[in-house]
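Visitor: Spelled out, the chains give:
Number of protein chains: 2
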Amino acid sequence: MTPLAGLRILDLSRVLACPFASMILAELGAEVIKVEQPGAGDETRGFEPFAQGADGETVSGYFMACNRAKRSITVNLRHPEGIAIIRALAQQSDALVENFPVGTLKRRGLDWASLHPIAPRLVMLSCTGFGQTGPYAKRKGYDTVFQAMGGLMSLTGERGGGPVKPGLPVADLTSGLWAAIALLAALRGRDATGQGAHVDLSMLEGQVSLLTIAAARFFALGEVPPRLGTEHPGRVPTASFRCADGRFLHITASDQHWAPLCRALGLPDDPSLATNAARLVAREHVMAMLTAALAGMTRAQAVAALDAVDVPNGPVLALDEVLADPHVVARGAVQAFDDPVLGSFPSLRLPFRFDGFDDPQATTRPPSLGEHTDAILGGLGYNHARIAALRAEGAI
Amino acid sequence: MTPLAGLRILDLSRVLACPFASMILAELGAEVIKVEQPGAGDETRGFEPFAQGADGETVSGYFMACNRAKRSITVNLRHPEGIAIIRALAQQSDALVENFPVGTLKRRGLDWASLHPIAPRLVMLSCTGFGQTGPYAKRKGYDTVFQAMGGLMSLTGERGGGPVKPGLPVADLTSGLWAAIALLAALRGRDATGQGAHVDLSMLEGQVSLLTIAAARFFALGEVPPRLGTEHPGRVPTASFRCADGRFLHITASDQHWAPLCRALGLPDDPSLATNAARLVAREHVMAMLTAALAGMTRAQAVAALDAVDVPNGPVLALDEVLADPHVVARGAVQAFDDPVLGSFPSLRLPFRFDGFDDPQATTRPPSLGEHTDAILGGLGYNHARIAALRAEGAI
Chain A
1 MTPLAGLRIL
11 DLSRVLACPF
21 ASMILAELGA
31 EVIKVEQPGA
41 GDETRGFEPF
51 AQGADGETVS
61 GYFMACNRAK
71 RSITVNLRHP
81 EGIAIIRALA
91 QQSDALVENF
101 PVGTLKRRGL
111 DWASLHPIAP
121 RLVMLSCTGF
131 GQTGPYAKRK
141 GYDTVFQAMG
151 GLMSLTGERG
161 GGPVKPGLPV
171 ADLTSGLWAA
181 IALLAALRGR
191 DATGQGAHVD
201 LSMLEGQVSL
211 LTIAAARFFA
221 LGEVPPRLGT
231 EHPGRVPTAS
241 FRCADGRFLH
251 ITASDQHWAP
261 LCRALGLPDD
271 PSLATNAARL
281 VAREHVMAML
291 TAALAGMTRA
301 QAVAALDAVD
311 VPNGPVLALD
321 EVLADPHVVA
331 RGAVQAFDDP
341 VLGSFPSLRL
351 PFRFDGFDDP
361 QATTRPPSLG
371 EHTDAILGGL
381 GYNHARIAAL
391 RAEGAI
Chain B
1 MTPLAGLRIL
11 DLSRVLACPF
21 ASMILAELGA
31 EVIKVEQPGA
41 GDETRGFEPF
51 AQGADGETVS
61 GYFMACNRAK
71 RSITVNLRHP
81 EGIAIIRALA
91 QQSDALVENF
101 PVGTLKRRGL
111 DWASLHPIAP
121 RLVMLSCTGF
131 GQTGPYAKRK
141 GYDTVFQAMG
151 GLMSLTGERG
161 GGPVKPGLPV
171 ADLTSGLWAA
181 IALLAALRGR
191 DATGQGAHVD
201 LSMLEGQVSL
211 LTIAAARFFA
221 LGEVPPRLGT
231 EHPGRVPTAS
241 FRCADGRFLH
251 ITASDQHWAP
261 LCRALGLPDD
271 PSLATNAARL
281 VAREHVMAML
291 TAALAGMTRA
301 QAVAALDAVD
311 VPNGPVLALD
321 EVLADPHVVA
331 RGAVQAFDDP
341 VLGSFPSLRL
351 PFRFDGFDDP
361 QATTRPPSLG
371 EHTDAILGGL
381 GYNHARIAAL
391 RAEGAI
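In order, the protein sequence lines correspond to chains A and B.
When you line the first sequence up against the numbering used here, it's residues 1 to 396, in that order.
When you line the second sequence up against the numbering used here, it's residues 1 to 396, in that order.
Wrong hints could be hidden among the right ones.
Since the list gives no way to pick one copy over another, a pair counts as held whenever it fits inside one copy or between any two copies.
[As the list claims (entries may be wrong)] Cut-off 20 Å, straight-line C-alpha distance, at most; resulting in silico cross-link-like pairs (EDC-like, lysine to aspartate or glutamate):
id	residue 1	residue 2
1	Lys-140	Glu-43
2	Lys-140	Asp-255
3	Lys-138	Asp-358
4	Lys-140	Glu-223
5	Lys-138	Asp-111
These are computed hints drawn from the structure, not numbers from a lab.
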């Protein structure tokens with residue numbers, strides 16, 4: 001029993017943001033039909049990193065990370081029969097997701113204005129770099145461009161250094177999360193009114209919406225937060241420190257932690273620094289004190305001393321350390337699926353568990369290209385001869 | 001007409017992740033009742049940055065960024081009558097959100113096991129640092145600790161430098177997005193089955209789930225991606241470059257962009273570098289060539305040259321530049337609400353627009369502490385005398 005059982009999502013999207021969104025919905029129980037171009041399919045099937053099977057055949061790790069638990073149908077959107085197939089599937093679906101450049105689907109008779117009359121209950125989400133309107137609507141965009149234009153890159157970096165890109169495709173991933181929210185919300189509204197809706201999601205705005213606390217600083221004080229390495233513009237100390245063994249430890253301490261922190265690190269507990277406001281003014285001094293103290297302890301020593309007095313801290317873990325962390329392992333955050341080429345291959349699970357529904361699992365492998373074409377077309381009433389003809393014509 | 005009209009969410013959460021989630025749902029039309037501690041309320045009401053009104057009174061910009069469009073009731077969860085109020089409200093709500101440390105609500109008779117029997121249709125989401133189970137379940141966590149322990153901080157930084165924290169509370173914000181997804185999904189399942197459910201959301205796992213493509217590199221190749229400044233581990237060139245005027249420009253080019261990129265920058269179009277695979281091997285050489293070329297052009301010159309040949313690029317904008325960007329302004333991404341202390345105060349809108357529902361707006365101000373206490377208790381049948389007595393007893 002899954003929360004999204006019975007929901008059917010037709011997914012025309014490619015690459016990362018929307019495929020990530022539809023994978024989330026698939027692992028919550030929705031049936032997701034991934035529509036791919038005949039021949040190559042989603043271009044990420046050709047994106048590195050490639051995992052190699054025992055016989056030398058390779059599979060894209062990129063594709064596998066965002067397409068678990070879906071069905072794949074190949075459809076040529078430039079062929080009239082291909083367009084007819086999408087229109088028929090849209091009439092049998094609850095939602096359609098797409099991330100084509102603005103105007104592409106209109107030319108194919110597959111935009112909202114064309115589909116809403118024939119599929120009045122359909123929710124359609126269009127995810128583009130800059131949204132369907134506005135001066136940049138026709139510009140193409142990419143994750144790193146949104147990180148640049150959305151402000152995150154300029155906020156990230158060493159003190160006095162240049163901008164730095166967060167080491168994950170944060171704009172794509174958060175746009176995927178926003179897309180999932182918008183779809184689920186619109187579907188709830190659809191259920192209430194019986195009428196579908198169109199969602200215009202802008203990836204740039206997805207980033208602007210996340211500026212929240214940083215924007216609050218600008219709105220409240222007119223300040224643009226500087227780049228601060230691992231420090232926090234409004235709280236001291238919140239930073240990562242290099243320990244004697246070269247490992248980094250992150251510490252974040254509120255007022256009630258200040259005295260215990262000082263004691264744990266063998267520092268004088270200066271009462272004039274008891275408030276965050278005072279420590280903000282004395283940021284350099286506080287950071288220098290703590291930096292010197294941590295440089296004299298191994299990370300394990302520091303963690304033990306801080307845990308003993310309940311000062312919040314956490315090791316700065318490398319990716320392989322995260323995935324092997326005892327808690328991450330105990331929670332089952334890493335699972336594996338069986339792949340025909342690779343055998344068992346690891347994957348990352350959604351971050352929540354249910355009481356009342358089956359837990360999301362990351363154990364259903366991504367589809368091979370067009371794996372479900374015949375079955376899905378069969379469901380639309382196409383027989384074997386017709387499917388063979390469509391294939392010969394290049395429609396599927 | 002909003003997509004979540006008719007939904008009532010009882011929000012016992014504090015600080016950032018879950019308040020951000022419930023604000024999203026509020027601006028999509030849900031009624032969100034924010035339960036706050038009498039006296040101080042959500043602790044972020046006392047968090048800087050503070051905006052100052054004309055009479056010198058201050059309001060937290062932090063609080064305002066995450067609590068628009070909610071109603072506020074003060075309830076003392078340590079008082080038996082306060083607990084009775086929450087139980088009564090839970091029976092009239094569709095969902096309850098909380099982020100207390102594991103075990104706190106059980107002691108008050110407000111955990112899932114206590115509420116499910118009296119509110120069988122209620123969906124309850126518990127958001128904690130590490131989830132309800134596992135070896136770290138009792139540890140407290142904070143955004144920066146999850147960025148450290150979840151791998152993002154170690155993936156972010158200059159080549160050869162130390163870890164850097166992305167300049168936004170990415171772990172809190174994305175946990176909020178995950179929370180909104182989990183709630184909406186569980187509510188859909190609840191509508192189908194008639195039975196509520198409990199969601200156990202782990203903020204650390206929220207970060208682990210986002211490792212996606214970085215984890216794919218580890219799963220496929222055994223490689224831990226290095227820190228690369230603004231570069232990409234698998235694609236060259238994708239990086240930000242310092243232009244002659246000191247401004248930074250981000251460029252991301254696929255194979256089809258390579259020759260136009262070289263021409264636009266006045267560089268020889270070396271066919272041996274036509275593929276990403278070749279450029280990955282020659283990363284240092286390619287980056288040096290482009291760095292030198294961009295250092296000789298102003299950012300405006302470079303943008304004009306690259307736009308002319310359709311090479312994807314975007315300026316690295318500071319926060320104030322983002323908020324004043326013509327496209328961001330044209331899309332109405334920044335709105336304002338009327339605040340009794342501050343007058344008109346700016347705010348950031350959700351990143352999507354609807355056709356079929358009213359667009360989300362960021363124009364409904366956050367509540368003052370306990371602003372709706374009397375009205376909400378009135379709705380439960382408490383009369384004025386009883387409310388006054390509860391207030392005198394410290395229950396509200």
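Visitor: Tell me, please, which holds for Lys-140 and Glu-223 at an alpha-carbon limit of 20 Å: within, between, both or neither?
Guide: neither (31 Å within a copy, 31 Å between copies)
Visitor: How would you label the pair Lys-140, Glu-43 (within, between, both, or neither) given a Cα cut-off of 20 Å?
Guide: Result: close within a single copy only, 16 Å intra versus 42 Å inter.
Visitor: Is it within, between, both or neither when you check Lys-138 against Asp-358 at 20 Å Cα-Cα?
Guide: Answer is neither: 42 Å inside a copy and 24 Å across each miss the 20 Å cutoff.
Visitor: From the Cα coordinates, with 20 Å as the cut-off, is the pair Lys-140 and Asp-255 best called within, between, both, or neither?
Guide: between (47 Å within a copy, 16 Å between copies)
Visitor: At most 20 Å between alpha carbons: which applies to Lys-138 and Asp-111, within, between, both or neither?
Guide: within (16 Å within a copy, 50 Å between copies)
The structure does not agree with the numbered hints 3, 4 stated previously, though it agrees with the rest.
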